[in-house]
Structures are given as structure tokens and as C-alpha cells.
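Protein chains in written order, with the numbering used here: chain Z, 1 to 358; chain D, 1 to 589; chain Y, 1 to 337.
Please keep in mind that the hints were generated in silico from the structure rather than gathered at the bench.
Don't be surprised by glycine CBs; every beta carbon is placed ideally from N, CA and C.
Incorrect hints may have been included.
Said to hold, decoys possible - Rough simulated footprint, nothing fancy, chain Z against chain Y, three-plus residues with beta-carbon under 8 Å:
1) 175 to 186
2) 190 to 200
3) 230 to 240
What the hints assert, rightly or not - Straight-line distance between alpha carbons at most 25 Å, and here's what the computed DMTMM-like set of lysine to aspartate or glutamate pairs gives:
4) D:Lys233 with Y:Glu60
5) D:Lys185 with Y:Asp66
6) D:Lys99 with D:Asp264
7) Z:Lys164 with Y:Asp331
8) D:Lys136 with D:Glu226
9) D:Lys248 with Y:Glu92
10) Y:Lys146 with Z:Glu101
11) Y:Lys146 with Z:Asp36
12) Z:Lys109 with Y:Glu233
13) D:Lys390 with D:Asp500
14) D:Lys262 with D:Glu115
15) D:Lys179 with Y:Asp66
16) D:Lys473 with D:Glu526
17) Y:Lys146 with Z:Asp37
18) D:Lys277 with D:Asp264
19) Z:Lys109 with Y:Asp234
20) D:Lys272 with D:Glu142
21) D:Lys233 with Y:Glu233
22) D:Lys248 with D:Asp198
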Amino acid sequence: MTQHEDNLGGAAIRPAPVDSGAFLQVRELRVHFPTDDGVVRSVDDLSFSVDRGKTLGIVGESGSGKSVTSLSIMGLHKRGTAKITGEILLDGQNLVGMSPERVRLLRGKRMAMIFQDPLSAMHPFYSVGSQIIEAYRIHNKVTKAVARKHAIDLLDRVGIPNPKSRVDDYPHQFSGGMRQRAMIAMALSCDPELLIADEPTTALDVTVQAQILDLIRDLQAEFNSAVVIITHDLGVVAELADDIMVMYAGRAVEYSTAADIFNSPQHPYTWGLLGSMPRLDRERTERLQPIKGTPPSLINVPEGCPFNPRCAYAGTNGDLSFTVRPEFRDVGGGHHIACHLGAEDRLRIWDTEIRPKL
Amino acid sequence: MNSKRLVTAVAAGAAVVMGLSACGGGTSSNGGSTGGNGGANTPAFNAAMTTIFNPSDKKGGTVRVANAGTWDSLDPGETYYGYSWNFLRTYARSLVMFKPAPGDGSSELVPDLAEKLGEPSDGGKTWTYKLRKGVKFEDGTEVTSKDVKYAVLRSTDKETFPNGPAYFEGYLNLPDGYKGPYKSKDVNTDSAIETPDDQTIIFHLKQPFGGFDYFAMMPQTAPVPEAKDTGAKYKEHVIATGPYKFEKNEIDKGFTLVRNDKWDASTDPNRKALPDKYEVTMNVNADDIDNRLISGDLDIDITGTGVQPASLSRVLGDPALKANADNPSSTRLWYTSVSPTVAPLDNKACREAIQYATDRTGYQTAYGGSFSGGDIATNLLPPQIPGASKFDLYPAGADNKGDVEKAKAKLQECGQPNGFETNIAYRAERPKEKAAAEALQQSLGRVGIKLTLKAFPQGDYFSQFAGNPPYVKANNLGLALNGWQADWSDGFGFLSQIVDSRVIRETGGSSNVSVRIPDVDKLLDEAIGETDKSKREADWGAIDKRVMEEAVILPGVHAKSLLVRPKKLSNIFVSTAYGQYDYLSVGVA
Amino acid sequence: MITYIIRRLFAAIVLLFVVSAVTFSIFFLMPKLLGSSPETLATRYVGRAATADTVRETAERLGFYDPIYVQYWDWVKGIFVGADYSYGTGVEHCPAPCLGYSFRNNQPVFPDLMDRLPVTMSLAVGAAVLWLVGGVAVGTLSALRKGTVFDRAAMSVSLAGVSLPIFFTGLLSLSIFSYNLGWTAVGGSYTPFIDNPGEWAYNLLLPWITLALLFSAQYARLTRAGMLETMNEDFIRTARAKGLPERTVVVRHGLRGALTPILTIFGLDVGLLLGGAILTESAFSLQGLGKYAIDGITNYDLPKVMGVTILAAFFVVLANLIVDLLYAVVDPRVRAK
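Work out the full structure, taking the sequences as your base and the hints as a guide.
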């Protein structure tokens, strides 16, 4: 048995990776959906923050709660059915409990979102330009002509050639990459301070993916926005994110800088994600190793560590993994994890078992 | 005389309607002045059957008339519907008319355009009428005998007027190949009709015809001015001789009759001409007509066939509504033809077995019961036809459900002790005929006579199937549902088309399907030539009896209909001659 | 686009010919195959007192002795060059487009159709406006309030609306609102729009509502289903993410998407109704094309039936064309193809 040597601060300290000066602060966010079968805990006790000019990557499998998190921030969760507690502070204003109308006025203006599939995310009956113009004119009292010029500018900035004529094209006339550029232009139309990109490249060709990520990075530098990128693919955030939060079953299981996550990941789930990530810099002869098992039901989250049914090391601490939920805590230098494994074990396993196989 | 109901009701619909507006018929205020004629004005069931209900001489007002279908033709030379003949008297005058009087008084013929009824000579082959003086068309020109002659002649052009009765061309002594005044121009027709002066018209027949006054009653004798005749288009504007003329006329949609100021009451002892106007709408939903009649938003359902099944129980079930209804008989018999050409029905005893085995109440129920179906018939002639007497050669027991023992005995007699099999034909579009066929199937089954039901389209029922002798024989159509209504309330009008074997054509198409009795043909000829009214009427009864003896017709019901008495009209009575309210005599209360 | 329209128009004309030929055959070829001779056909058009001569003459007058293709050709010829018709004392010329004369009452069919068209058109268009607005509104609200009391009530009522026959609702509403309460016009009332628009609307109110009830039920259900689907689309989330007010999201983004399939059905429904709303016209005794058609069918009056059939087919084809063109206007993806 290993001591929890890194939990010296005691339970009284609630370590949360929240920077109280950050532009977006999420504290102890819980999003629960009561259903006939029980309460779906889509997001449970989640805290994080992002500052302007910084990028946070939220990584996890589908059903891990990452998309619900982003929709909750935007106020786009299913109203009426979801129970949200905790705080979402946007520039100090708590969005939780704010009237839907006030959140709406922030939406698109101070916070914007890019979606996964740009084809289905754009209305097929309206031209790309008119959809951008619409987004711009809700929050800015300008004439159509001004808004149109703005739209053309935006299209130009996101790298769409010949924007003056393409502004009148319909989504189906754009290629996949172009559409996502247009989506980004739409999201950026009001210079939002927070940009959430939900799987922005998943639906795109591999070659286009890199271009879009480059574009997001360039635009972030230009607009100085806080960016949250949500993905199931660590590769997407590898070069883009400053910090990375790994989510599992509605909770954060690991949180640190991107460098930390890639160089010394400490949670078995993160190891699994890394193992399943295709890497161009490795030999292709080695098989990708998907994480065994499936994500848990969010109604009946396994007792103890939610990851225990899929974790290769779950039995190494007696029955701790099966009975006690590991605390999400700082294990040094702002690196947070939720795992019962001792620090030595984690390092040993990473160094000897995981890293060589990647 | 046929009349059609275009649409039948969804019974469920009207059942609800029933409950809703039942309160509409509760009170009746017949504040009309009490006129003479021993009339009544207390609402009671059948109150307008034999007396004038709500009598009044008050003039003015508009009578609102609706027709669920359309007229066959408004042209007096072509129309053949009974209600049309009833109504047409408002705008046209024929030589003779049925007396506008309640009850059996209406069966009496009275002179209209003529000064008096026809005078026969030459043993009933020549008939002479004198026209009243001073009768004018709506344009003011005097009516002469030549206008009557022209009207009759033009009506014989069946290419132009296919729907009209064909008695004149059948009986008048017209030149061979005469095709009416349009095609046979300038042909001398004096051999058929003479007009020695403007007031006299003489008809010459090929054979004696005792009841010629009935021919003279037909609207075909209503005068038509040759100069204004437009052939098939004349119906768009008939030149009136009656107290009303056409104001506007939209074919198949409706028309309006207004007073004809050239009509002179002094030339017309029969017409009161009380309303100022008749407004007629056609193609009106039949169930809607009932609702409007009951609510008082409509005065006359012109077809006079009675309320729809949906309204029947409503009217009969509500005492207030029933008190405002009449239940007259028409001169229609629903019956079943029994074909002696189909074995074993060629044996008279086998046919008699059918007569005895029939459950008459089942037949009556199939046609709608005693109010809308009719009275059980045991002979052919409807009781209101002069000369008719009720008799029953095949008593069906006290309950009218048939005499099974007697039927079995007859089967024994005809050599089919265990019964036999044959087919029964009916018109597929007529659920009542189907029900009657089923009732027969059941009651005849009791004695071992097995019937197989065969449905045929009504459009070709007589021409190709039940009325087509080779087909009947080849396909064993032993029985065929049938029905007939008299052209007019008289033995000839009722019998001539259904018991005369000579109307049967091998190519099909006749209404007579089963009666081929030489005696009857002879009796018919005698009756037709008989100018003595009472002798003639007795002859009709004898024919009836003779046909029943041969058991080639199985009588079903003498039809009745349930009429809603118009709420806002005065002078209402049922004309027995038409089996409907007299449309000529009503006034607006 | 132009070639597309021309191609469609050409197809429409061919279709009209096919429809007319089929109708013609049903009336003439079928009886012939079943053994009817020209005379038996003609017996339908003569009185019951007709002699064999009369039947023969009638068969000749109506052209039944000619081979069926000659009869059909004569009918088609009438459309382009007109036809002559003898009415006894003279001959009348029926100018092109002559759809023939009624076998029954000798009236030329085309003017009759034109006379009745405004009635049917008034009925169809008025009801269509009502049911489209009503059905879409109820369907949209139902979709947005899915599962609520309103939704359930609306859907139950609309199920009843679809199931109830117009004969029932028509006569019932007449009985209540016209005869008992006296609020609405009695059956058979019609005033041309140009004569008195107010009276026109007053007279048609009940038929409109009755007919619209039948259709709006269907449209409410369609709209609801369409809206439920559309409101789950990604582009709705996008619209909300932009910060659009909910009303704009529902109307501009949701309805616009959901209404496209409804447009197709709407076009066809209106097209069909323009050929005659048979049951409604019968229930309310309106002298429209449907009533005219029924009249023709029950009386074997072929020229009437042909006339209405052609006109109805024309409207359906036209409605189809308009719907297709509108579709291209509404959905840019269609335009590209």
C-alpha cells in the first residue's frame, strides 16, 4: 500500500484548478438531467478556468460530459429538463441562474461556438453571407450593407478566396473545410472574448484539419480570445492548447498544462487516450491500443473510481478503487488528477509500461 | 315517374343533428286565417292528407323550393318526373289537369286549357277539345289550338326530347316516318291532329283509347308558340301560360318564378296563385334539405319522396315533429318479378309456393317499414288508383309471415317437395333491394327454396340483365327485384308497362320481366278502348286479379313517404294524384 | 431552368391527353368490353318510354356507332376547333375550347365549368388559407410544447378532425350555426366575390371552416412532426448560439425548414380541391365543380365528367409545377441540381 503522500494539504482544502482572475471560471459545475430511469449526471463537480489569450483543451470520449459542459456555458442545454448548479463566471458574471434572455444577449457577442459538422450546423436555405450577417446584426445595430461588408471581411480573414462572390453562396456550395471557415467567421463576427470549439475538425479531412486548427490559433492570437477546444482526440489539442483537462464520466480526471499531459500523464485513462492516439511520428507497425470496455452509464456511475471497470490497475490498492471515489487533487505544480495510485506507482507505470509502447 | 336522390346520408351525422335541433320543431304557430273548405290548422300527424291544412287566401310572399337533384327537363314537352308535372302547373297549362283538391278529390280530371273534358267519337278513336278564350302567353299573344298542336307534335321528336313520354307518337295517327316538326317540316299532320279553328283541337288515334283525357293531362299538351320554340334549348326559357313565368333560369342550379301579368284568373277556375314568387334551388344536399324543412328555412322538398333515413327516426320520435308530418302513399309498387321462363317456375304451383312462403313483414322492413317503406301489398294496383280493390289470393297468416304449410303443399304439387334452387336479381346500388332479396332468401329457405343473390348495375339492369329475356333464361334469374310507379293515377298509367307481354323485347330493356299472359293482353286492349269510365276502371281490377292468379308477380309494398309539412306555408294538402303536397295551391302564411 | 419548365409543360400536356383518354375509355371501352352495344349505351340517355328507333337515333346523335378512337378524336377536335350541335330548331356552334355538350341537358360543358370554377376556387382557396395558417400554428405550438396538455389536446382534436367525415361535420355545423343559432349562412348560399366580398366571405365561412378543419388537422400533425425534427437540427443550435431570439429561431430557422415538405402537400391538396371539393360542395349544396362531376357521374353524362376530369387534372399538374418551382425558390439545394 502506498500512502497518499501528495494529499498532505488535507481534505479541507478544495483544490480546484481555478484561476480567480481568469475570464471564464467554472466552479463545481453540475449538470444533472432527471429522467424516468434516474438522474443522468452528465457533468459532476467540474471546475476549470480559461483566461483570454489562452486555450483549454477538454478531452474525453463521447459521453464524458465535455459537450454538455460547453453547451451549459453557452446556455444551449435543454432548458427545463437540466438541473444546473455551481458557477459559470464569464468575466465575473455568473451565467448560472442568469435569465435566459440575458444569456442570449451574451451569446454570439461575448461567447461564441463552433460546431462539429459545419454542413448540418448551417441552415441549408440561407446563404453563408446572410447567416453571418444575421449573427452580426443581432448584436450590432448596423445596416445590412455594413453587415455585408463585415461578413465579406470576415470571410476574407478566415481565408476564403474571392469572398465578395462567395458571400452569396449557400453552404452546400462550399467544401467541408470552407464551410468550417465560414462557421468560424460567423462565430467571430462579434469579436467574442470566449470561443468554444466543439470537435471543430472531426468531420473534416485530415489535411484540412490542420488548416482549421492553424486558423483557430492564428485568430486567437489576433482576437486575444479565450478558447476552449473540445475533442476526443488528444492530437487535436496537442499543439494548440495551453492546458488540457481530461474528462471521464462527467468529471475531470486529469488537468494540467499540455506539456505535462503529454510528457508525464499520471492518470491511467489519459494513458489510454494517449495509447489510442495515432501518431505520425511513430512507426506504424504498432497497433493502436483502444481503451478496453465502454464508458459507464451516467445514471449508474460505478462506485469508487468511475474508471475502475476499465482500469488495468484497479486492484492494486486493495478494494480502494471499488469503494472510494478518488479525490481530484493537485499532485504538484498544478497538475491535478483523480486516482488512487500512489505517486511512485504512477511514475513507474508510466515510465516502464506505458511510455515505451507509445 | 322516377326521381332521384343524389346522396344518401351518413346516419351517424344526422343522429347528432337530431338531438341538437329537436327543439326547433316544438311549437308551431299557424296563425293563418281560417278559410273555408273545412280545413284544419291544428298540427297533427297526417292532418294535410284529406283536408286543407292552414287554409288561407292570403296572397304574396315567396315559396322556397329545393331539389336534391335536378329536373329531367323544365320543358313541358319533355319532362317525365311526377314532381315536375305537379309543379309545372304553376307556369304551364295543359288541356286537362288533376283537380287541385285534397285527398281522393285530386284523382279527378278537370279541364284546364280546355273548356271541358274531351269528347270522344268514332268509338274512342277521335277526341275533341274546345279551348277557353282569352288565355294568353306571357308575351301577350293569344293561345290557339295550333299552339297546342305544335306542342304535341314537337314532343314526338324523341331525338330532341328523349326523356319525355311517348304516348302520343304511339297512339296518334301520324303519317308514317313522321319525325316531328323540326325534321318533318311541312308534312301534313291533319291525320293525327286537326285544328279547324283557333279554339278547337281534334285528336285522331290509331286505335280507340278510352282514357285519352289522361293523355290530355300530360304537360306535352301545354301550348308552345312555334315562333319562340328553340328546340332542346326551349327549357331555358319556357313561355308561360300559367300564373307564373320564369324570371331567371340557370340550368341545373336553380330558377325563379314570378307572377305572369298576362295570366287572367277569369280563364282559370283551378288556380289560386297565392305566392308572388317561387325560388327554386337544385342540387341541394338531401340531408340539409331535411334540416332546413324542419327548421323552417325551406318550404318544399320538391321531389316529394320524403325525408332521408337519417331524419326519419328523428321526425317519428319527436311528437312535435311528427305532428307536422304527413305520410301519403305514392302510386308505386315495390315487387319481385317471378319469371315463368325459368324452370321450375314454369310450373304455376311452384310460383304459388313462393307467394305462400314469403314473409311479407320482412319485405316491408327491408324497404324501411310502414312509414317510409309502405303498406304491405297483396295485389298490384295501389289503393288510390280508381278501380283498385285490395284482395289477397295467398293469405300469409295473421302475422303476415307466410303460410309455410301451404307453401310446402304447393311444392309437393309442382313436383319439388324438397324445394329447388334459383337466383334472385337486384340492383347493386340499392341497399333496400338487397335487403329485400335477403329477406326473401331467408323466408323461402324455410321451405327449401334456395335463392342465390345476384347484384347487377342499375344502369343496365333492365337492358342487359333482369329485363333481358335470353339473359334471364340462360342465367336462371327466377326472381328479380323490381318496382314501378304509375305515370299517372290510373290503371293504364300503372299497368300498361308492367303487365303487357307485348312490351317485352327480346333485346331487353322492358320493365315487364315476367308477365306473359295472353288473357291479360286482351283485357288490356279492351280496357284501353273502353270510353265508359266505370267499366274501364273495373277492367283494371280484373287485370290485377288475373296477373295475381298466375303468381308471376310477388307484390311487396305500396310505397309511402314521410313528408315534413312546410311550416310557413298555408293551404297545404296532399294531392293523391301525385302522392305529394299540391305545389300549385300553397300560399305563404 | 427555362428548358426545365418547357419540358414540364410538355409533359403536362401529354399527361392531360392520357388522363382524358383513360376517362374516355372507362366510359366507352369498358362497357364495350363488357358487352354493351351502342344501343344499350344509348338507353342511358333516353327516357324509359323510348322506342327502338329513338334509341338508335340517340346512339347515332351521340356518335356511339363510331369506333371509339373516332369518338375520342371528335372530342379532342372540339377542344381546338369547336363543334356544332343541333338543338332541333337550329344549330349552335360551340367555340373552341369546346369540351362538348352535356348528354343530358344539352348545355355546352366549358361555360358551365367556367361558371362553377369560381365557387370551387373560392371554397378551396379560402379553406386553404385557413387550414395552412391554423394547422401550421397549432402544429408549431404543439411541437414547441411537446408533451404538454396543449400538445395532447391539439393532437387529439386533430385526430378527430381527420377522422370525422365532412358530411358529419358539415351538416352538424349547418344545423347548429345556421339553423339553430342563425350565425352563418344556410347551405347553398354563394355570392360572387366581385359582387359583394363581405357576403362572399360570410356565405362561405362555414364551408371554409369545415373543410379547413379536416385539412388543418393533417397539417397540424405534419407541422408538428416536421418541427420536432427540424428543431433538433444542428442549425437550430447554431441559430441559438448566435444569440437569436427564440421567436426568430423558431420562425426563421425552424419553420422555414419544416414547411418545405408541407409546401408539396399543400400544393397538391389545393390542386386537387380546385378540381372540385366533392363532399364539401355536396354537404353545403355549393354549385361547384365537384357537384358538377358527381352530377355527371351519376347520370353517365360523359362530357361533364370529361370536362371536370380535364380541368382537375390541369390543376393538379399546374399545382405540381408550381410546387416544383417554389421548391427551387425555397431550397437552394434543389436549384443546383
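Hints violated by the structure (listed by number, smallest first): 1, 2, 5, 16, 21 and 22
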